[in-house]
Structure formats: structure tokens, C-alpha cells
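Enquirer: Spelled out from the first residue to the last, the chains are:
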Amino acid sequence: MSRKRTALVIVSLLAVLVACAPPTPQVIEKEVVVEKPVIETVVVEKQVVVEKPAPVSMVYITAGDVNMLALGQNVLAPEFHAMYPNVTVSVVHTGPGDAGSRLIFEKLKADKDAGRAQGDVDVAMVHQKFMAWAMAENLLLKYADELETWKYMTAADARNALGTNIEGYAMPMFHSQIAIAYNPDLVPDPPRSYEELVEWVKANPGKFGHNGIKGGMSGVGFSIGWIYWKSGNYEKYAVSGPFDEAEVATWEAGLKEMKDFNQYVTITAGNVGTLDALNRGELWMGPVWVDMFYTFMLEGKMDPKMRLTMLEPGMPGQPMYFVIPKNARNPEWAKKWVEYVTSPEVQGKIIIERYNWYPGIDGKFVEGIAPPEAFDRLYKDISPEVLSTYGKSFPLIEYNDAMLEAYEKWVIGG
Amino acid sequence: MRSGSSVANAKSMERKGRGGWLLPFLLLLPAIGLMLALYAYPFASSIYRSFLSSEGTLTLANYAKVRELYLRDVLFSLEVSLLSTAIAAVLSIALAAYLRLASGSIVRLVGAIYRFPIFIPFVVVAQMMGTFLAPHGLLNIFLAQIGLVNLEAPLQLLNWKGLTFGFVWKQAPFMTLIVLSGFGMVDDTYIEAARSVGARLPQVIVRILVPMSRATIAVALILAFTSTVGTFTLPYMLIGGKIPTTLTVDIAHRVTYFGDYGVANALGTLAYLMVIFTAVYYLRYTVRRGIYEYQER
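Line by line, the protein sequences are chains A and B.
Quick note on this note's numbering: the first sequence kicks off at -14 and runs consecutively.
Quick note on this note's numbering: the second sequence kicks off at 265 and runs consecutively.
It should be emphasised that the hints constitute simulated quantities derived from the structure, not laboratory data.
Glycine included, each C-beta is placed from N, C-alpha and C at the ideal position.
A hint or two may mislead.
Said to hold, decoys possible - Below, a list of computed lysine-lysine pairs in the DSSO-like style, where the Cα atoms sit at most 30 Å apart:
#, chain 1, residue 1, chain 2, residue 2
1, A, Lys321, A, Lys290
2, A, Lys349, A, Lys215
3, A, Lys94, B, Lys425
4, B, Lys329, A, Lys394
5, A, Lys286, A, Lys311
6, B, Lys425, A, Lys241
7, A, Lys241, A, Lys136
8, A, Lys394, B, Lys425
9, A, Lys187, B, Lys329
10, B, Lys425, A, Lys244
Claimed, not checked - Not the full set, but computed from the structure, chain B residues with beta-carbon under 7 Å of chain A:
#, residue
11, Trp285
12, Met501
13, Ile507
14, Thr520
Make a model of the complete structure from these sequences and hints.
Expert: Encoded structure:
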């Protein structure tokens, strides 16, 4: 009796083990025409005309905050599906900041290291730092110059990301900018430069807040803007380079002054921490992402009377890029997707109007298309001229890392 | 206890000459295999990687960087965790004693309600505390309405105080659950005997209930301390980049901005050491004695 029970137990255990074993990856042989980018685009055109309604499943993976997921899942994917009913786009979200882009990089690198002929990801939306990592590992497809919308890309960061040449490998979907949000009732005459801000916080201790360099990019951007101001060396750090180790020591005095400055400010928990504190009236001023600021306002999470300003000599902003992995399963559809999102219609109606980003393509191609209220709202406090003068880039990667470590050493430590 | 009984089973089976050693081995294999693959291997790999530089050579540079930049944060993590665990322990012992010794409908109600925080994930607690404890958050506004606080100079709780409050709020019910089960094992006769020679309530708790449940209380303390040291979401959303911050936020910072797994693993190894030392201390001085006392009965 006990022997039968023993055998029954062993058999059921094995059954459970087998059932729980990971499924063998299926190798799907698809006859989708995967054109190598070397072949002329004439073949692409033909494919559109012949339009076989074979169902296509695309994977679009995006880093960034939850607004990126909402954009992909609720707006772009359904509209794309309406245009091409045989294509379904699945949207995957990896999370905010460079951490989210890091996850995408690790996924693509894992696909490459595993030697897979076709990866899982068709198109990705990533931050600038990703470009350096991915170009070094040769993970990306060169596609941008084949698109209709390439001619609208005039911004310098469409060709260069933090020092890495990316021409043809990426298309910016939008530009986001860091600015100082302030309460006009309590701050009738906001400081116009970092210098005036230093005086202001001494007169109003605790009323300015940022999140330092841990927890959110708005604080990181503010701190980098401080270093740009104190060093006066923006061109070298963000545009021309090269990375010079000796520059780091020159930041010590400026960062020690920031440590002193921080005594008069409130350190918040992150991007949302600053926004919430501004809304509750705990802070009167603080650095925010322009798009998060306006989106919060539209959602009722930010007092509508709050305004924006920029500080001299400038504050950083960044684009996010569309990239297509070299081993994407559906590169042609991926290119169509990018073309669709970078078209002036989508840039005007969705990027500017609904999500309050500055467009990825040149603003003048969008001006007639976006409704005037949306265009005005975005450029009301920060006009295109102010943006072009004071909107800076984040520094080259080596300088970026060095600045973060220098902040830790001289502002946090010591 | 469980492994003890299956070893006893194996022995009895050996004695009866059926199955031998194979069956217990097979029964344990899935569980132990999972533990090895998902805990032991990453644990060992993490410690090993903390000694690797970015080129792959063995080095102490990661620890040097931790000492240069993050020592204060490591100490802060330790202090906050110890403080939270201590406060949660006192509260949980008090609450468990109340639930054990009192009776009535209110006791039953409290007994049902106190468990709710256990089911709330840390990230939700973080969001709650972020809005509740903020300078113009619910708590401060409430205190201002009844005149205890001036809203121009509110209670500043988005620091170690708020962090401790959040940890205690989350860990105390969990510890109460465990400690209550320990108190439940103390027979009523001991309590009645103590009362009959004149022991008052505090003495019953301190001299009878707690010493007889030392093992269970030790387990509760270790579990609470371990999970507090390793928590990321609460410190990240409550204090973020403030100075000092917890070592978990620093780990995230190193990985996110630098991809620096060497220093992240070094910080993690320090967290393991913190947990191991406290666990060993408590286990040596409380559990072993507790088990032997139990077995002597």
C-alpha cells in the first residue's frame, strides 16, 4: 500500500516539475519580407501597394514615465491599428529615467549575446544615454534617412546624442525641457538667472526646492545647469568635448557653493515630489519638466495659476529617440510607425496638444497644424526664442557621470 | 521544524526498509533547487561581483568608493532600521499582550483591524506617507486646524522621522501577528499562577509572556529588521535624494546613472553583513535557549 503511495507521489511530483518547466522557445518561421536596409527602398514601396493583409504583431518598448506608456498604449497604437488593420502593436513599458533605457539596452544586448536572428523588439523609445551604450555594441539599425519625415529634423540632437554620432540611427519624438516653475502670487518677480536665484533663496529660505541628483532628472538637470553657470564651459562639456579629466577639479569651488546654497532650499523626493510640493504651497519655486508640469495642470494636479521661467545661462533638456534594433522582426513596419509618429499631424495634435512636449521635428512645420491654444500654452511662458537661447543639452556622457560623482563628493559629502 | 520531521520520517522509513533516502531527497529537491537557484546563487554571485572592477579584475576599489561616498548612508540605514524595529517590537509586544490577555468585542475588532497594513505593499505605503506627512499634508493641516501647529512652520517629517513612522506602521502589525502566536503558546495556567501571587499586568508581560516566547519574538525581530534594511520604495519616495538617504537608494542611483554593478553589489554586501550579524546575535542568545527550554518540558 505504502509503495503504491510512494510511486503515486513521485509520479505526481514529476508531473508538476514537467508542467512547471519553462516552455521551449518557439522558433517561428515567418515569411514576412525582412528587407535588409542595404536594399533600395523601391522594394518597400512595392510592399505597400501589394498590401498582403497578413497579420503582423509589433512590439514597441518605451522607457520614460507613465505618460509614455499612456501615449503608446492609448493613443498611438490604436490609431496606427486603425490605419493598418492587420498590424497590432503591443506596448511595453520599462520605467522612468535612464534606468528604463538601461533595461531596454540590457534586453537588446541579451538578444544579441544569445545570437538570436530575430529579436523580440521592433521599435524602442529611449533616452540619450542609451545611444552611447547601444552604438558601442552595434545594436541599432540605420533607418532614419529613408523616412519621409527625416527632412523635418533640424535639431542638432537628431544627429548627435551627448557626444555620440547617431545620424540615421535615431529620430526624436519630442523634446522635453527643464524650467523653473513658480507661484506668481507669492513670487511676483522671479529671478532671471542662477545668480539672482542664490540671492532669492537667502531671502526666502526653504521656499525653493529641488531633488538633488538622486530620485529624478529635474534635480539632476538643475544641478548640471549650476555647473554650466559656475564653469562657463557649456560648449566644451556638451557640444565639442573632448572629455578632460582636469576639468573636474575646477568644479570643486562651484559645488561647494552649491552645498551652501542647498542649506536654504528644501530637498524633495523627486520630480513628482517637487510638483506636489509646489501644488500644496510648501514650495514657491522649483525645477520641473515642462511637459510634466502642463500635464499635471491638465489633470487637475497643479494649480493653474503657476507659471514657468528659465534661468540664465540655461537649463538642460533632452529628446527621446525612436530606435530600431538591428535584429527587429518587422523593421519595415517599425519604420512606418516612426514615420507616423514623427509626421507633422501627430506631432501637432498629439505630441504638442495632448502631451505638452516640444515637438521632435522643427516647430515651424507644426505651427499651422497644432491648434493655436495648444501652441500658445506651450510657448506662452517660454517663447521659442527663449527656448533656443536658454535650452541647453545635457553634457557628454563622461562629463555627465563626472558631474554626478563630483556632486556626491563635494555637495553631499565633505 | 519541518525538516526535522521529514528527517524523522526518513529514519523511520529506513528502519522499515522501504523507500530509503531517495524519497525525502526527491521531495526536498524542488524546494531546495529553487532556493539554490534563486537565492544562494545570486547571493554568492553578488558578493563575488562586488570584488570585480569594470574590467573584470579582482579589486577592493568598489569598497573604497563606498567608504568615500556612502558610509554615512550605510550608517543611516542601520540606525533607521534598528530604531524602527525596536519601536515596532515594543508596540507589537504591547498589542499582542492586549490581544492575548483581554477579551470582549472591542478586542475582537482590534484583532481583525490591526492586520490591514500587512496587506498594503510598501510602494502604496510610500505614496500614503508622502502625502500624509508632507509639510502641507493631511497630518499638518489637521494639526493646524486644531491649533497645535502653525502652517508657516509645520512639522518637518519627510526625513528619518517620517521614514521610521512608515516602517513602524508597516512592520508592527506583521510583528504582532508573529508575537501573538508566540504568546498563544503560553499556557493560561502560567498567567493565572502569576496573577494569583500578585503580579500586575506589566509584570505578567515582562516576566511571563516575553521570556516564554523569546524564540518567536526573535523571529519577528529578524524578519522585521531584514525587510526594513532592504526596503527601497519607502525611502525613495519619501526622502529620495536628501542627505543622508538609505543605502538602497544609493544602490539604485549607482545602477541607474552609472550602470555600476560593482559598487551596487558592494553596498548590497554591506547590507547582507548588517543582517547576518544581527540575525546571528539574536539567534545565539535567544532561540537556542528557547528551543532547549521548550524541549525540557
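Enquirer: None of the hints should be skipped; say for each whether it holds.
Expert: Hints and how they fare:
1. About 40 Å separates the Cα atoms of lysine 321/A and lysine 290/A, which puts this hinted pair outside 30 Å; it is violated.
2. The hinted pair formed by lysine 349/A and lysine 215/A fails the criterion: a straight-line CA distance of about 34 Å is larger than 30 Å.
3. Of the pairs offered as hints, the one joining lysine 94/A and lysine 425/B is violated, with about 42 Å between alpha carbons and a cut-off of 30 Å exceeded.
4. With a C-alpha separation of about 10 Å, the suggested pairing of lysine 329/B with lysine 394/A holds against the 30 Å cut-off.
5. Only pairs whose Cα atoms come within 30 Å are accepted, and lysine 286/A paired with lysine 311/A is rejected, the gap being roughly 41 Å.
6. Note on lysine 425/B and lysine 241/A: the hinted pairing holds, with a Cα-Cα distance of about 28 Å set against a maximum of 30 Å.
7. Restraint check: the Cα-Cα separation between lysine 241/A and lysine 136/A comes to about 45 Å, which exceeds 30 Å; the hinted pair is violated.
8. At most 30 Å may separate the alpha-carbon atoms for a hinted pair to count; lysine 394/A and lysine 425/B meet this at roughly 26 Å.
9. Of the pairs offered as hints, the one joining lysine 187/A and lysine 329/B is violated, with about 34 Å between alpha carbons and a cut-off of 30 Å exceeded.
10. For the proposed pair lysine 425/B and lysine 244/A, the alpha carbon gap of about 23 Å is at most 30 Å, so the pair holds.
11. The beta carbon of tryptophan 285/B is not positioned within 7 Å of any beta carbon in chain A (closest approach about 13 Å), and the interface hint is therefore violated.
12. Restraint check, methionine 501/B versus chain A: the minimum CB separation of about 6 Å is within 7 Å; hint holds.
13. Interface hint status for isoleucine 507/B: upheld, as the beta-carbon distance to the closest one in chain A is roughly 5 Å, under 7 Å.
14. Of the supplied interface hints, the one on threonine 520/B holds, with its beta-carbon coming within about 4 Å of a beta-carbon of chain A, less than 7 Å.
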